[in-house]
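Keeping their order, the protein sequence lines are chains A and B. Convert by adding 1208 to the 1-based position in the first sequence; the result is the number in our numbering. Convert by adding 78 to the 1-based position in the second sequence; the result is the number in our numbering.
Since the hints were made in silico from the structure, they are not lab data. One or more of the hints may lead you astray.
Each computed DMTMM-like pair below joins lysine to aspartate or glutamate, with the alpha-carbon atoms no more than 25 Å apart [stated by the list, open to error]:
no.	chain 1	residue 1	chain 2	residue 2
1	B	Lys146	B	Glu120
2	B	Lys138	B	Glu93
3	A	Lys1265	B	Asp80
4	B	Lys130	B	Glu120
5	A	Lys1219	B	Glu120
6	A	Lys1265	A	Glu1293
7	A	Lys1286	A	Asp1264
8	A	Lys1286	B	Glu93
9	A	Lys1286	A	Asp1226
10	B	Lys138	B	Glu86
11	B	Lys130	A	Glu1252
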Amino acid sequence: GAGVSQSPRYKVAKRGQDVALRCDPISGHVSLFWYQQALGQGPEFLTYFQNEAQLDKSGLPSDRFFAERPEGSVSTLKIQRTQQEDSAVYLCASSLVAYSGANVLTFGAGSRLTVL
Amino acid sequence: GDSVTQMEGPVTLSEEAFLTINCTYTATGYPSLFWYVQYPGEGLQLLLKATKADDKGSNKGFEATYRKETTSFHLEKGSVQVSDSAVYFCALSDSNTGNQFYFGTGTSLTVIP
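Produce the complete structure using the sequences and hints provided.
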């Protein structure tokens, strides 16, 4: 597609429910990032994929968070047993090349998760 | 560790006013520096970047110069327009510290006619 597509755009979950957020990166993009953006804050790194390999998951806040990119294109961020502190906008970004420090990221519009 | 500190908002300016949004950084290596902009309801978009000291990034009338001596990357525009109203994020990327970008907290800009 022309850009990074994320779904759903909005998700309301009851505390304790599992949620899955989807990211369709730009076709052919090697690198894929997930970020968490709390209200009034900048994006915080969660995890990074190069093709299907998850090379860095140091930003995942707990073992309730899991991400995958099994075929090196679409990625899913799963949050188990959601808590209120998980409420945030989850951003996906992709880049054409493998991470090099000077990469330009293309971001999706985000998935806004609200946990009641 | 690496971090970015940017000027807190919100900032409100009249059309055609001069804009400065301050950004300073801390990095262990030699980072690349970026400004991203987020318009209402949209994803973050790259505004400009600089990859080494003394580089100047520019786009749509915005400029920022990578100053290693002051560890700064301040965003400037000589004459803002209503359409520049958005949230601006300063960011750094340092391949020495892993596969991540570090973002500031964002500065909300509103330009009034």
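These are the hints, each one checked on the structure:
Under the criterion of a C-alpha separation no larger than 25 Å, the hint pairing Lys146 (chain B) with Glu120 (chain B) is inconsistent with the structure, at around 32 Å. Only pairs whose Cα atoms come within 25 Å are accepted, and Lys138 (chain B) paired with Glu93 (chain B) is accepted, the gap being roughly 15 Å. Between Lys1265 (chain A) and Asp80 (chain B), the direct Cα distance comes to roughly 17 Å. Compliance with the 25 Å bound is thereby established for this hinted pair. Taken as a hint, the Lys130 (chain B) and Glu120 (chain B) pair is broken in the structure, with Cα atoms around 29 Å apart against an allowance of 25 Å.
Between the alpha carbons of Lys1219 (chain A) and Glu120 (chain B) the distance comes to roughly 17 Å, so the proposed pair stays at or under 25 Å and holds. The straight-line distance between the Cα atoms of Lys1265 (chain A) and Glu1293 (chain A) is roughly 19 Å, inside the 25 Å bound, and the hint therefore holds. The suggested pairing of Lys1286 (chain A) with Asp1264 (chain A) holds, with an alpha-carbon distance near 16 Å, which does not exceed 25 Å. Our distance criterion of 25 Å between C-alpha atoms is broken by Lys1286 (chain A) and Glu93 (chain B), whose separation comes to about 44 Å.
Restraint check: the Cα-Cα separation between Lys1286 (chain A) and Asp1226 (chain A) comes to about 7 Å, which is no more than 25 Å; the hinted pair holds. Proximity of Lys138 (chain B) to Glu86 (chain B) is assessed by CA-CA distance (about 23 Å); at most 25 Å being required, the pair is judged to hold. A hinted pair counts as satisfied when its Cα atoms are at most 25 Å apart, and Lys130 (chain B) with Glu1252 (chain A) qualifies at roughly 24 Å.
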